[in-house]
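Quick note, the sequences are listed as chains F and G, same order.
Reminder that position 50 of the first sequence reads as 70 in our numbering, one-by-one numbering, no gaps.
Reminder that position 77 of the second sequence reads as 253 in our numbering, one-by-one numbering, no gaps.
Worth flagging that the hints you see were computed from the coordinates, not collected in a lab.
It cannot be assumed that every hint is accurate.
In silico DSSO-like links for lysine-lysine, alpha-carbon gap of 30 Å or less [as the list claims (entries may be wrong)]: (1) F:K77 / G:K282; (2) G:K179 / F:K77; (3) F:K77 / F:K51; (4) F:K51 / G:K282; (5) G:K214 / F:K77; (6) G:K282 / G:K192; (7) F:K38 / F:K77; (8) F:K51 / G:K192; (9) G:K192 / G:K214.
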Amino acid sequence: EADIYQTPRYLVIGTGKKITLECSQTMGHDKMYWYQQDPGMELHLIHYSYGVNSTEKGDLSSESTVSRIRTEHFPLTLESARPSHTSQYLCASRAQGRYEQYFGPGTRLTVT
Amino acid sequence: AQKVTQAQTEISVVEKEDVTLDCVYETRDTTYYLFWYKQPPSGELVFLIRRNSFDEQNEISGRYSWNFQKSTSSFNFTITASQVVDSAVYFCALSENRDDKIIFGKGTRLHILP
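Could you put the whole structure together from the sequences, leaning on the hints where they help?
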């Protein structure tokens with residue numbers, strides 16, 4: 021089982037601010053994922069990475085960007101937050117050769 | 177195209193009752209993987225089980241059991257003698273062999289009433 025950490029857990033921020041949501045895992049997993057979860061519960065994949073220097077856009081278009089400079093670190097950045105970005109953001113990782121993903125505790129973002 | 181359908185949006189049962197969460201999936205692959213996740217009020221998704229398409233054996237883990245039937249493309253989850261701590265949103269999910277992504281159903285919110 022992976023140890024995945026997300027910070028902050030909760031964030032309230034004003035419109036137009038730049039924010040970075042942190043995600044780190046300690047298991048050396050190559051594959052990492054970011055999901056956006058709306059209040060209606062549905063999960064949407066917004067970014068994923070196969071490894072260092074690899075990033076791909078997910079199924080849901082997002083104004084956020086990601087980077088993968090180190091295996092254990094997969095931060096998500098919003099250059100200019102808007103109220104429509106209010107959501108829960110979940111980070112996950114997966115080991116090579118396995119198919120289940122392990123999730124972090126999530127970041128609940130509110131943009132006022 | 178792959179798809180996961182959880183027709184039950186919300187279920188409420190009284191504690192100690194048994195409850196079954198339904199999951200129907202669609203895929204064109206012959207090799208695929210099915211999952212169940214639990215999301216308690218704290219928000220984290222907790223991995224419960226993975227099932228491979230070539231293994232139709234049902235599984236039991238304590239009060240939890242899973243019924244996988246390829247003939248009906250279903251992967252149902254039963255909680256026996258439910259407890260208040262089982263209250264959560266439960267997601268069924270699917271991953272095809274050639275894909276690194278997981279497709280999630282829309283989730284079933286389960287309320288266990290004391």
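Here is how each hint holds up against the structure:
no., hint, result
1, F:K77 / G:K282, "holds, 21 Å"
2, G:K179 / F:K77, "holds, 20 Å"
3, F:K77 / F:K51, "holds, 14 Å"
4, F:K51 / G:K282, "holds, 23 Å"
5, G:K214 / F:K77, "holds, 25 Å"
6, G:K282 / G:K192, "holds, 26 Å"
7, F:K38 / F:K77, "holds, 20 Å"
8, F:K51 / G:K192, "violated, 39 Å"
9, G:K192 / G:K214, "holds, 19 Å"
Checked against the numbered hints given earlier, the structure breaks only hint 8 and satisfies all the rest.
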